[in-house]
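Asker: Per the numbering used here, the sequence shown starts with residue 764, numbered consecutively.
Among the hints, a few may not be true.
[Claimed, not checked] Under the rule of at most 25 Å between Cα atoms (straight-line distance), these lysine-lysine pairs were calculated in the BS3-like manner:
hint : residue 1 : residue 2
1    : Lys1006   : Lys966
2    : Lys878    : Lys1006
3    : Lys818    : Lys953
4    : Lys1006   : Lys1124
5    : Lys966    : Lys843
6    : Lys891    : Lys878
7    : Lys801    : Lys1150
8    : Lys1023   : Lys953
9    : Lys977    : Lys1032
10   : Lys891    : Lys983
11   : Lys891    : Lys981
12   : Lys1042   : Lys767
13   : Lys891    : Lys953
14   : Lys981    : Lys878
15   : Lys843    : Lys891
16   : Lys1051   : Lys1036
17   : Lys767    : Lys801
18   : Lys977    : Lys1124
19   : Lys1031   : Lys1006
20   : Lys878    : Lys953
21   : Lys977    : Lys1042
22   : Lys1032   : Lys1042
23   : Lys956    : Lys818
[Unchecked claim] What follows is a set of in silico ranges between Cβ atoms, one per label pair, in the way DEER data are often shown:
hint : residue 1 : residue 2 : range
24   : Val1149   : Lys818    : 17 to 25 Å
25   : Gly819    : Lys1023   : 42 to 50 Å
26   : Ala912    : His1037   : 43 to 51 Å
27   : Tyr1135   : Gly905    : 46 to 54 Å
28   : Leu1102   : Val915    : 20 to 28 Å
In short, the hints are calculated from the structure, not lab data.
Even for Gly, the Cβ is constructed at its ideal location relative to N, Cα and C.
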Amino acid sequence: MTNKINILILSHEYPPYYFGGVGTYTKELAEYLSLRFKVYVITGRTARGITVERKGSLTIVRVPFPDIPIRSIWYSFSAKEIALRLAEKATVILANAASAGYLSRWLYHNSLSRKVITIFHGTVESIKVFYRYANIIYTSLGDLLYYIALPVYNSLYRSDLENSTLPISVARHVSYELISLYPDLSHKVKNGKTIYAGIDYEKLRSIYLTARTKHLDKNKIIYAYVGRLYTTKGIIDLLQVFKLITQNLRERVELWIFGKGPMENHIKKFAKKHKLNIKIFGFLEREKLMNILANYIDVLLFPSYYEGCPLALLEANALGIPAVTWDLPWSHEFIINGLNGFRVPFRDVYAFAELAINSLKLREYGDIILKYSSKFNKNYLLNEFVKIIINFY
């Protein structure tokens, strides 16, 4: 039966051309589903011309579009013709919310929306937090253009919800946000599902167990931040917190930052001014990053103002590393105080620094943290899509 099922995936983000975790998620989903079904991905790239890549039952079609905001809208115009053609033959269409531009509307007008499952990795709350909390001084022009486009993204999310036969959220709080933002469509959300964006638990567990047997003797305490260097990721708070940690710990302490973004220069200037031991590694190949985290990092500092399903945090937990976050609606779903980290009253950098120091004790209970993270095993979670697709068929 499964060889008769064709899956079409729509997303302007897909490695190696992508801007965040949605691209990686889409790739893993496509490869997993291709083990059972024929999968076609229509995605984007900045080069000229349409290209086609084939690997077993997976076919990736790349269309060109301008590398300027709003990329998903440019993508939808470039992909429209081929998307509608493949959608006719598809059993199920999987679309990342807002990442498919106007394609959901065109699928609806062509009576194809009955096939559409839309995956919500977040909502416009991820943009609204910029206006609530962020400092515009540290915002790049490209980043600012993204936040200014809030009304457009709000329209795209609403359209995706309206024109989807089954909405799937990557976390429960995302579903609650959708209901709050679009109460007239709440019935759709309530009839949808929550399927977390999973982690490669078995591989991370293996890395953790290998690192644990090494008993690495460090003469310093190392904190880490993993993610993009943007204002809404709490970078200003991160620096203030680490400054307080440095002042309160007698031991040698360092902060290792893994990521890139417009605030990189500010971090360097702040570190130099306050004589802080901060190292910026940029983006590393995934396995190398995981090995470094497992072998060297004591605590993850994660002061983000908004997350859908925070893979960096979940991966750190699967490596036995506790995390400290702000006490915000999204973090309630992922952090249990005193077990795998702490949630701190929002914007209290003194409490954040104190609990970051207290979290060093939790590092001794890495096995417990690892066990907690097992519920985010991606193999189990991705198999939920298989069940849904077979039910559709």
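Asker: Take the hints in turn and mark each one as holding or not.
Answerer: Consistency of the hints with the structure:
no.	hint	result
1	Lys1006 <-> Lys966	34 Å, violated
2	Lys878 <-> Lys1006	52 Å, violated
3	Lys818 <-> Lys953	37 Å, violated
4	Lys1006 <-> Lys1124	20 Å, holds
5	Lys966 <-> Lys843	38 Å, violated
6	Lys891 <-> Lys878	31 Å, violated
7	Lys801 <-> Lys1150	15 Å, holds
8	Lys1023 <-> Lys953	37 Å, violated
9	Lys977 <-> Lys1032	36 Å, violated
10	Lys891 <-> Lys983	38 Å, violated
11	Lys891 <-> Lys981	41 Å, violated
12	Lys1042 <-> Lys767	52 Å, violated
13	Lys891 <-> Lys953	23 Å, holds
14	Lys981 <-> Lys878	54 Å, violated
15	Lys843 <-> Lys891	29 Å, violated
16	Lys1051 <-> Lys1036	31 Å, violated
17	Lys767 <-> Lys801	8 Å, holds
18	Lys977 <-> Lys1124	19 Å, holds
19	Lys1031 <-> Lys1006	13 Å, holds
20	Lys878 <-> Lys953	18 Å, holds
21	Lys977 <-> Lys1042	24 Å, holds
22	Lys1032 <-> Lys1042	12 Å, holds
23	Lys956 <-> Lys818	30 Å, violated
24	Val1149 <-> Lys818: 17 to 25 Å	19 Å, holds
25	Gly819 <-> Lys1023: 42 to 50 Å	33 Å, violated
26	Ala912 <-> His1037: 43 to 51 Å	35 Å, violated
27	Tyr1135 <-> Gly905: 46 to 54 Å	37 Å, violated
28	Leu1102 <-> Val915: 20 to 28 Å	40 Å, violated
In summary, the numbered hints that this structure violates are 1, 2, 3, 5, 6, 8, 9, 10, 11, 12, 14, 15, 16, 23, 25, 26, 27, 28.
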